[in-house]
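There are 2 protein chains.
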Amino acid sequence: MKTSTGVASSLLLRLDSQSSTPLHEQLFEGIRARILSGALAPGLRLPSSRQLAAELDVARSTVLQALDALTAEGYLVARAGSCTRVAPELPLLTGERSREPGLTGAARAANIGRRQGASRGPRLAAATRALRRSPVGAPRLGAAPRAFRPGVPALDLFPTALWARTVSRVHARASTGLLDGGDPSGHAPLREAIATHVSVSRGVRCSSEQVFITAGTQQAFDEVLRLALNPGDPVWVEDPGYPGARRAVRSAGGRPVPVPVDGDGLDVGAGLAHAPRARVALVAPSHQYPLGVTLSLARRMALLQWAERTRSLIIEDDYDSEFRHRGRPLTALQGLDDAGCVVYVGTFSKSMFPGLRLGFLVVPPSLVDVVSAARASASAPASSLEQAALAVFLAEGHFARHLRRMRAAYRERGEALLEALHADCAGVLAPRPCDTGMQVCAFLPAPLSDLRVRDEAARQGVEVAALSDYFLGRRRESGLIFGFGGVRPDDMRAGTRILARAIEAARRRGPRSSHPRAKGPPPR
Amino acid sequence: MKTSTGVASSLLLRLDSQSSTPLHEQLFEGIRARILSGALAPGLRLPSSRQLAAELDVARSTVLQALDALTAEGYLVARAGSCTRVAPELPLLTGERSREPGLTGAARAANIGRRQGASRGPRLAAATRALRRSPVGAPRLGAAPRAFRPGVPALDLFPTALWARTVSRVHARASTGLLDGGDPSGHAPLREAIATHVSVSRGVRCSSEQVFITAGTQQAFDEVLRLALNPGDPVWVEDPGYPGARRAVRSAGGRPVPVPVDGDGLDVGAGLAHAPRARVALVAPSHQYPLGVTLSLARRMALLQWAERTRSLIIEDDYDSEFRHRGRPLTALQGLDDAGCVVYVGTFSKSMFPGLRLGFLVVPPSLVDVVSAARASASAPASSLEQAALAVFLAEGHFARHLRRMRAAYRERGEALLEALHADCAGVLAPRPCDTGMQVCAFLPAPLSDLRVRDEAARQGVEVAALSDYFLGRRRESGLIFGFGGVRPDDMRAGTRILARAIEAARRRGPRSSHPRAKGPPPR
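Residue numbers (our numbering), protein chains in the order written: chain Y, 9 to 532; chain P, 9 to 532.
FRET-style restraints, in silico, Cβ to Cβ:
1) 181(Y) to 86(P): 29 to 37 Å
2) 207(P) to 270(Y): 55 to 63 Å
3) 386(P) to 167(Y): 24 to 32 Å
Derived from the structure by calculation, the hints contain no laboratory data. We put the beta carbon where it would ideally sit given N, CA and C, even for glycine.
Here chain Y stands alone, though its shape is the one from the complex (with noise of 0.2 Å):
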């Protein structure tokens, strides 16, 4: 029939071409739904890609553009030459979802004194070590970035121009209001535009209500685990993972306990077994760091139940994701979250620029209140203009312009690194997939240290970060973190050539059998 709808019988799907939303959205969100609900069960197969485009009467090229999602998201499992069938593994959320996650934070008012952590003497002594075992060729991390730093965008491809234009008509027309600061929780227009554009792209389901504005990550962090925790409980982060998680975590009272990662991401079932009793999981599902896996969908199921089982609270560190170089981002974690469990965290220091100091965190209905009274008392999150003219600049299309830009750009540079890598370093280094974000990770193979190497390379002009250097616990792998984001194509070659002449000299110097740790990687 040739309607604006067409019906999939097999699936009991209707898309309507007269919707904005595009049919590969719709085909994408209905599977999606049908499999959460379980009307689509677990190892289903699902008709041929032909069969649902002939059935729905849309392009063969939407179908598959829906199912490819769906694979990346790990809500369906496609074996080549095979068919497509539902993930086998989805434990599904049941139960009642009205339980909120618990933050006990007992005895933390009081305990507010008896801050957790080294004494003086111990803590500045750290300090002053950290300061004198600097490597030699490490940069200052206020020079110019150079590659293959990671953490650094496209610099080289931000709109200088127009985000100057945008800041100076915002504070050409500064009210009084604006320039004594404004609302504790954020400049309103732009906590607005952030909801939008989060559950636009996000998948995020939240009201403006429930974005708060931070200078940046970090902050973020601190400010939800100083209010979750009391001291000393145990907070789940990645292995290897993310450094200033862990700071956050030991510097608001708390005690990170390393959860090692895998290919599907954090392991939920290692969690469980060492600290079930954890009060918060401090993850990043969509993009890890450094690895630069995908926490799978049936962990997210099973992080999830964990949290709302124990009433505990997951921070979701979504630093990179929208930088997915094809296809749809992966949808957010907190998109899942019936129970009220998960903060998300996002920040503009990937998607702006670092120097922006501009994040935000969007917190579950059930603690908008406590986080807006925790702030009523305290001055304005950040500066109030660059709120501004970032809400103007998002209200306007220019953000949503750039990201797109920014995606096709990574997608090249990470394609061009993949191939200087390949040409000059082939046999030493084994690089990950590279489809999100702006830095990748290569192995590097047993008896070579990823120290030694960093820091022949840092002498040579290059800057990569070591892989060691992320473990908490064991130090499982070796191996490089490249940021390609703030490298040209062109310049590629020229770093992964000293790269590999740096490899070459790490080679003959043998394995590093005690060198001291450095001071750790850069910032992300």
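Chain Y is fixed; fit chain P onto it per the hints.
Here is chain P on its own, set in the frame of chain Y:
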């Protein structure tokens, strides 16, 4: 009809002659409420005072008293030889409680309390309590500033266009190094400009390496205290004093020890007697908050000697002493420190505008490496582009010119406030001398509760802070803190007239024996 009740049919007003509230106040409140609710539309012509008096069966002088007050507050406009009308635009000083989110917030808080209660522990419970006891009249912090909110600079005189041009220029030329965030210690040119400025204008002795940029005073306190304190360490704080200082002490794990402040500033002898082993003293020697006193030279010397002898740290909170109305600003305590015991904390929240969120530390030479190391793996402390813009603003002399203008403006506004207080509140309020900054403290005679006056004033649309809220130990005095920075000289009387009525109303209600402690004063 000769009963206890008169009715103004034309305004649907009803007065109760047996109420303890004077008739003119009932009339005032009645008309005001109807204007705010919209029942009396903007521009509406009122019956003549003669007609109203007849309808309400009250003396015409009673009606005139009410109408005058309403006119003074801007609810009504009266033209000579003409009728009285409802103001076509609501005046700035209104704050209709029922429309403010504060009430909803309180309602929501009660709701949280029910839903979450004790299960989430003392910390969240405390946050919830704070929300609930938020005073009825307390304005939203994000709202446009009202007279006489403390801590609001003369934003009406800020050179917005000049600052917008500076910011725009810096943004348009931003290097990738700057976009990347730059040095975690702060933008080097800004550190240099600050070192020069505080040397010249505050007598601070330092090189630019000792200067570290912060995102405001609170973050500066936080950083130094975290480095300096062991859990439970006592810290001298001024009493009465700045609540933000105590919050920072607690949040860093320290124990605030209240040390009384008298006419010579912090009573160093009392501190020595009560807590000789304090690790840190947090003081505002040049212009104490909220009393406005100056630490005497003898006490400065005693404080420095104590710090040197016990190897303790003094944090000098120099938040607004640039604005000495006449003569040169007092020299900073840091300039007297030969032993390297003083950390100087400055802010641009007053000298530029609060929404900028930029401040700085000047640490002793012995701490430069420690603070650098602690920051090494952190991000930039604040927006790099705003740091760069501020550096240009200082270097080009705009900042110094702006300070000079502000000094004159604050002198003028301070004098206007004292005159207005003399005119409207003489004999009740005893203002302290006012020679620096943008607020003044005025004592209230003993039985009058400053909290009650504060709440009455808020109800009538004027904001003052209550001295009681600044005490950590026993409340020794009752008084009000007036911020005059944001109030134009011509607008002072409008505020003080309302205040006089609020004092009158508070006096009639008698002392307030068990008023719940409010959530505290607004940020400074």
